[in-house]
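Residue numbers (my numbering), protein chains in the order written: chain P, 1 to 278; chain V, 1001 to 1156.
By construction, these hints were calculated from the structure, which means they are not laboratory data.
Mixed in with the good hints there might be a few duds.
[Said to hold, decoys possible] Listing some non-contacts, in silico: residues in chain P with all C-beta distances to chain V over 10 Å:
1. Trp30
2. Tyr34
3. Leu99
4. Leu102
5. Leu120
6. Leu141
7. Ala145
8. Ala148
9. Gly149
10. Trp152
11. Glu176
12. Tyr224
13. Arg242
14. Asp250
15. Thr269
[Said to hold, decoys possible] Here are the simulated lysine-lysine pairs, DSSO-like style, with alpha carbons at most 27 Å apart:
16. P:Lys177 / P:Lys235
17. P:Lys125 / V:Lys1155
18. P:Lys20 / P:Lys125
19. V:Lys1155 / V:Lys1073
20. P:Lys147 / P:Lys177
21. V:Lys1073 / P:Lys147
[Said to hold, decoys possible] Beta-carbon label-pair distances, calculated as ranges:
22. V:Pro1075 / P:Arg25: 36 to 42 Å
23. V:Gln1111 / P:Ala116: 55 to 61 Å
24. P:Gly21 / V:Glu1139: 37 to 43 Å
25. P:Pro55 / V:Pro1109: 42 to 48 Å
26. V:Gln1111 / P:Ala93: 31 to 37 Å
27. V:Ala1097 / P:Lys20: 27 to 33 Å
28. P:Thr166 / V:Gln1111: 24 to 30 Å
Given the structure is predicted, the values throughout are model-derived calculations rather than measurements.
No residue lacks a Cβ here, since even glycine has one placed at the ideal position from N, Cα and C.
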Amino acid sequence: MANPRREYRPDRLYPWEVQKGLATRFTGHWIEYYAELPSTNRRARELATGPASPPEGLLVLAEKQTAGRGRLGRSWFSPAGTGIWMTLLLKPAFPPGELPKLTLLAAAAVARAVSAELELTPLIKWPNDLYLDNRKIAGILAETAGKAGAPWEYLLLGIGINVNQTAADFPGDLQEKAGSLRMSLGAPVDRITLLRRCLAVLEEEYVYARENGFARALAYCRQYSLILGRRVEVKSGDRCYRGKAVAIRDDGSLELLLDDGTGAAGIATGEVSFISPY
Amino acid sequence: MSIKFNEIKELIEFVEKTGITEFRLETSGTKVVIKKEGPVMAASAAMPVPVQAAEIQETPVAAEATTAQEGDKLPENQVTINSPMVGTFYRAPSPEAEAFVQEGQIVEPGQELCIIEAMKLMNTIESDIRGRILKIMVENAQPVEYGQPLFLIEKL
């Protein structure tokens, strides 16, 4: 929360500011900071596959993304200085089938960090978006690449958090759907403090999952789910499922009790939207 | 229980429409095996894959243990690239973009072939060999299972 007595510093996510008092073992110890980038995921991917071979915990930060992406090329509105647009490089030694759960883990971690730092409780719209007051305030887009059959060498967690936008900052088509921490809190938020907390919680959740599995992160996703118990439509590839969201399974997939009476379906991929109750 | 000719015909038609390459049905005393021909060569991408053989046997199942195995093996110069996880198969990085690869194309090691999406993890699958893509075995935007073959590739 804004502290009126804090010393003056520019509202920029400069690495030396972020790293001051950063309580992590490896996350954010190497930061690449840009005033503007097409997309932090794209830059992180160049680094991950390039000769520099950066260590786990590399963070790419940008004040503004000109081609910030949601999934499959959809854009993510990321104007200058108002949000946290970042990509974290991980080198997870999980079997490939476990990797998708890192999206849910990241969503849980960012939600936890926001709850700890501000008096707000974001809800998670499976699998990757955070909501406050029914508006999207954050999203995760994870990426990995690898040769078939070989273990993945890296995973990128792209995280976008709307921090200090006001309603007027969003373009017309987002006005009803997008929110920010500031809009829900009613006061501006210190981005650097929040970013440090996000990195600390992300690392803590990740290290915990590495040793103990994903049960704790999944439990958080269930407890603070926006969709469990509600009737939803899930567009998955070119299929569409309608039903009641009844569970997030241990493999991270969403279980729907289908409207057509054919029983339960586990869905690994999809865009969830709400439809009216029966 | 015996299976009627019409039912077998329906099964063949059904299998032909799907990405399934092999179908087996066993009931007491009856075994039906429908197999599609392996690779369909490059230019004929749009052509439906012919159903090569429908073996119908009214013999006891146990007696037929080994024959089905033989057809499963690919020729030595061919490999499949399989899905590393449950998810959705995409042939292009975004709906407007061109497909990463086409049937008949020669790919190099490290070349991007497709994306498998699972829980907002976009997983770009790269070729681990140099070869020619004989067949793309899954339609765009379809769900895939763990280990499901995605591409049939002739090693070069």
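Checking each numbered hint in turn, tell me which of them this model violates, lowest number first. 3, 4, 6, 7, 8, 9, 10, 15, 17, 18, 20, 22, 23, 24, 25, 26, 27, 28
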